[in-house]
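Trainee: Sequence:
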Amino acid sequence: MVIRLLLPIAMLSVGTVVLGGCSLLRGAPDREDLVTTSYGECTAQWWLDPVGGDVPVEATQIAAAALEDAAATPASRAEWQAVLVDTQSEGAEIPEDRLEAQAHIEVVREHVRDELEAGGYPDENRVIEVWSELRC
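Each residue of the sequence shown is one higher than the one before, counting from 1 in my numbering.
The hints are all genuine.
Computed beta-carbon distance windows for the label pairs:
1. W131 to V57: 16 to 22 Å
2. A82 to G120: 27 to 33 Å
3. A71 to D123: 16 to 22 Å
4. E117 to A82: 21 to 27 Å
5. D123 to A75: 21 to 27 Å
Since the hints were derived computationally from the structure, they do not count as laboratory data. Note that CB positions come from ideal geometry on N, CA and C, so glycine has one too.
Start from the sequences and build out the full structure, keeping to the hints where you can.
Mentor: As C-alpha cells, then:
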C-alpha cells in the first residue's frame, strides 16, 4: 500500500529532474539571454564546464570573457539558421519556432570556441565544454 502511494511521487520527482535539463544538473547558468524571435520569446542559457581535472586558469578566463562578450547579430544568427536547416536530419528537424533562438545559442557557443582557439586551446583538444539549454 505504501509503495503504491509513493510510486507516483517518485515518478513525478524523476520527471521533474529529467525535464529540468541542464539547469537542475549544473546550477545557475553562466549566462542567460532573453531571445526575441518572430514567434515570441525564448530563454537561452549557457554553462561553462571544464573537461578533465587540470584545466588551465587562462583557458577558464578566456572562456568566461568570451561567453560574457559574445554578441549574436542578425547576420550571425541568419548564418547559423542556414547551417542548422542544412544539417537537419529528416525526422529530427528543429521546430520553426525554436530555430531562430537555437541559432542565437550556436553563435554564442561558436564565439567561445573561437576565442579559446585564438588563445591556444583549439576545439580538437577541448578543455572547456559549453553546455546550453533553450526554453521557448
